[in-house]
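Read top to bottom, the protein sequences are chains Z and X.
Using full-length UniProt numbering, you'd call the opening residue of the first sequence number 1 and step up by one each time.
Using full-length UniProt numbering, you'd call the opening residue of the second sequence number 1 and step up by one each time.
It is worth saying that the hints were derived from the structure and are not from the lab.
Treat the hints with care, as some may be off.
[To be verified] Listed next, the in silico DSSO-like pairs over lysine-lysine satisfying Cα-Cα at most 30 Å (straight line):
# : chain 1 : residue 1 : chain 2 : residue 2
1 : X       : 211       : Z       : 68
2 : X       : 139       : Z       : 310
3 : X       : 211       : Z       : 310
4 : X       : 211       : Z       : 66
5 : X       : 139       : Z       : 68
6 : Z       : 131       : Z       : 310
7 : Z       : 185       : X       : 211
8 : Z       : 177       : Z       : 131
[Claimed, not checked] So the derived label-pair ranges between C-beta atoms look like this:
#  : chain 1 : residue 1 : chain 2 : residue 2 : range
9  : Z       : 44        : X       : 3         : 24 to 34 Å
10 : Z       : 299       : X       : 178       : 31 to 41 Å
11 : Z       : 93        : X       : 108       : 12 to 22 Å
12 : Z       : 73        : X       : 25        : 38 to 48 Å
13 : X       : 133       : Z       : 95        : 53 to 63 Å
14 : X       : 84        : Z       : 76        : 27 to 37 Å
15 : X       : 133       : Z       : 90        : 25 to 35 Å
16 : X       : 217       : Z       : 38        : 32 to 42 Å
17 : X       : 108       : Z       : 179       : 47 to 57 Å
Backbone N, C-alpha and C fix where the C-beta goes; we use that ideal spot for every residue, glycine too.
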Amino acid sequence: MAVEQSRTQAPARAGEQPTARAGEQTRIHDIGYRSYDGPRLGRAYARRSLYSQSLRGAYGLGRSAKSKVLPMLLFTVMCVPALIMVAVAVATQANDLPVDYTRYAVIMQALIGLYLASQAPQAVSRDLRFKTVPLYFSRPIETADYVRAKYAGLASALFILTAAPLVVLYVGALLAKLDFTDQTKGFAQGLLSVALLSLLFAGIGLVISAVTPRRGFGVAAVIAVMTISYGAVSVVQAIAFEQSSSDVIPWLGLFSPITLIDGVQSAFLGASSAFPGGVGPSNGQGVVYVLVVLGLIAGCYGLLMRRYRKVGL
Amino acid sequence: MIATESLSKRFPRVTALDRLSVDVGPGVTGLVGANGAGKSTLIKILLGLSPATEGRAEVLGFDVADPSSGGAIRERVGYMPEHDCLPPDVSATEFVVHMARMSGLPPTAARERTADTLRHVGLYEERYRPIGGYSTGMKQRVKLAQALVHDPQMVFLDEPTNGLDPVGRDEMLGLIRRIHTDFGISVLVTSHLLGELERTCDHVVVIDGGKLLRSSSTKDFTQITTTLAIEVTDTDEHPDGTRVMREALHARGVETHEGAGLPGAGHILLLTAQGEETYDLVRDVVADLGLGLVRMEQRRHHISEVFKDGDERADVPADATDVRKEAVGHGG
């Protein structure tokens with residue numbers, strides 16, 4: 001084969017090198033070039049490597065000490081209330097946890113939003129800003145691999161952030177000898193809900209951040225989208241509630257990420273709605289909620305693919 | 001290693017490559033062209049990242065148009081981009097390990113190869129510090145290391161000497177030479193500076209406006225004459241040194257002309273060097289007249305000009321490296 005031939009034609013390949021260099025005293029450690037004959041694990045492995053690097057990066061691991069501060073702080077703050085609740089439940093011999101599993105993420109949504117705003121841009125804007133993207137595409141991976149690895153990485157990071165306190169609650173509930181079946185069911189519903197939340201939030205965060213190579217803009221834009229949409233939806237819902245037109249409240253919930261998740265879980269995952277007056281969507285509306293959530297996740301993925309097809313080299 | 005056949009790439013407004021047919025064998029091959037000549041476009045096509053409009057190209061025996069071969073090519077080829085591509089907040093070691101894994105190396109091998117490769121490109125203790133604090137020369141070495149870390153069969157180096165000072169430039173060129181001689185990896189290196197490539201490369205391909213101007217071994221260049229620029233001082237004895245010099249050269253049968261319109265016109269004599277003798281002749285004439293020799297250097301105006309009309313005027317004896325080389329193709 002032509003390839004092999006040219007390879008062996010090369011003048012001084014690996015093996016001869018150490019002897020050739022032995023006399024050179026200036027660099028003691030120079031043992032010459034060694035070629036690599038080991039396995040090359042290919043595209044799927046590269047994608048997994050990028051995934052784990054993105055996931056670690058989302059908690060500042062493998063990056064500077066400074067970049068560990070915020071994600072670790074947010075993670076701690078996310079778990080502390082759960083610990084306190086558990087402590088109270090155990091101490092007071094309560095019959096139930098003070099907060100439902102499904103409700104926890106909704107209450108802590110500001111923190112989740114903050115985490116997303118800080119980590120989504122670092123996941124993608126850094127590569128764009130420092131033009132590392134072309135290096136990735138000079139490797140065996142392709143656009144889809146990059147997008148999937150980044151999406152999965154951030155979604156997993158969000159899932160860890162949102163599921164960890166649920167685990168704390170669940171373990172605490174079992175320690176407090178609460179009803180096992182009830183707690184397990186609630187825990188499972190909670191996990192499903194935060195999984196959906198992680199996918200949705202990661203998608204929205206990544207699409208916004210992938211537009212700009214500037215991290216600052218990305219952070220601001222994600223915060224803006226998260227808070228403004230939630231603020232607007234809550235205000236309009238509150239007005240609707242005051243004017244006793246409760247029918248529109250569930251429909252309004254379709255317009256912000258966290259209320260979407262809230263709607264899905266109150267329709268199907270046994271959660272009590274956080275909407276004004278507790279007016280959650282009906283089952284029919286719940287289907288619309290699920291479709292919108294899935295549509296948004298798919299849409300975000302599609303937009304990211306389109307974005308990266310252009311970035312290329 | 002690389003073969004293209006009437007390879008063309010047309011964008012809506014520009015033609016980046018125009019029926020380019022070249023063959024690149026093992027060794028160090030220089031790809032020379034002004035900015036916008038189509039060098040980077042060619043590399044993109046060769047990496048299987050951008051489809052050619054027409055024609056075909058093969059890299060290491062893989063057809064780039066075949067969708068399944070893109071990954072195979074990129075696994076066996078290293079690429080060092082022209083632009084900055086390093087995240088500042090990670091260390092060189094971490095970054096190169098990551099890129100090694102992205103090329104498919106298992107974790108342990110990735111770490112070993114990274115340590116080896118960084119040492120080979122000349123990064124030692126500093127490799128544990130964040131890249132943000134590196135000098136341009138160190139960054140270029142990291143970029144080179146990430147292209148070599150997976151032990152490719154061939155590397156594409158896009159303007160590796162960009163932004164380096166003369167010393168850094170020489171070190172980088174030496175390193176590129178070693179990639180082939182010591183590591184056994186073939187190299188395709190682009191530059192807009194012909195001078196530095198002819199020192200390093202076995203073979204030089206010159207393209208301009210997406211067209212092949214010339215593809216030949218650097219040995220061929222050494223046979224060929226070159227334009228020489230000479231500047232001398234005036235002395236009390238010869239108030240107009242340039243004129244005296246011109247007359248003295250004429251007397252010995254050497255035609256000179258003044259590079260009108262060029263920087264230093266009026267003080268500079270241009271002549272066609274026929275080989276070693278011309279350099280000696282100039283030295284002797286200057287010494288006889290008692291003038292001071294300010295400069296004697298190869299002059300080129302534009303790559304296309306150098307290679308137009310074949311052998312009329314072209315290049316440098318390889319052993320005349322003490323003569324300062326002029327940058328070519330600054331316009332571009």
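Going through the hints against the structure:
Our distance criterion of 30 Å between C-alpha atoms is broken by residue 211 of chain X and residue 68 of chain Z, whose separation comes to about 51 Å. Proposed proximity of residue 139 of chain X and residue 310 of chain Z is supported: the alpha carbons are some 26 Å apart, at most 30 Å. With a CA separation close to 26 Å, the supplied pair residue 211 of chain X and residue 310 of chain Z stays within the 30 Å bound. Among the hinted pairs, residue 211 of chain X with residue 66 of chain Z is inconsistent with the structure: their alpha-carbon atoms are about 50 Å apart, more than 30 Å.
Our distance criterion of 30 Å between C-alpha atoms is met by residue 139 of chain X and residue 68 of chain Z, whose separation comes to about 25 Å. Pair hint residue 131 of chain Z plus residue 310 of chain Z holds up; C-alpha atoms about 13 Å apart against a cutoff of 30 Å. A threshold of 30 Å between alpha carbons decides the hint, and for residue 185 of chain Z with residue 211 of chain X the separation of about 69 Å lies outside it, so the pair is violated. Distance check on the hinted pair: residue 177 of chain Z and residue 131 of chain Z sit about 54 Å apart at the alpha-carbon level, beyond 30 Å; violated.
In this structure, residue 44 of chain Z and residue 3 of chain X meet the distance hint of 24 to 34 Å, their C-beta atoms being roughly 30 Å apart. The hinted range of 31 to 41 Å is not satisfied by residue 299 of chain Z and residue 178 of chain X, whose Cβ atoms lie roughly 50 Å apart. A beta carbon spacing of about 52 Å between residue 93 of chain Z and residue 108 of chain X contradicts the range 12 to 22 Å that was offered as a hint. A hinted range of 38 to 48 Å for the beta carbons of residue 73 of chain Z and residue 25 of chain X is inconsistent with their spacing of about 57 Å.
Checked against the given bound of 53 to 63 Å, the beta carbons of residue 133 of chain X and residue 95 of chain Z, roughly 59 Å apart, stay inside it. For residue 84 of chain X and residue 76 of chain Z, the Cβ-Cβ distance of about 36 Å falls inside the hinted range of 27 to 37 Å, so the restraint holds. Distance hint check: the CB atoms of residue 133 of chain X and residue 90 of chain Z are about 50 Å apart, inconsistent with the given range 25 to 35 Å. Evaluation of the 32 to 42 Å hint for residue 217 of chain X and residue 38 of chain Z yields a pass: the beta carbon distance comes to about 35 Å.
Between residue 108 of chain X and residue 179 of chain Z, the C-beta spacing of about 48 Å keeps the proposed range 47 to 57 Å intact.
Checked against the numbered hints listed earlier, the structure breaks hints 1, 4, 7, 8, 10, 11, 12 and 15; every other hint is satisfied.
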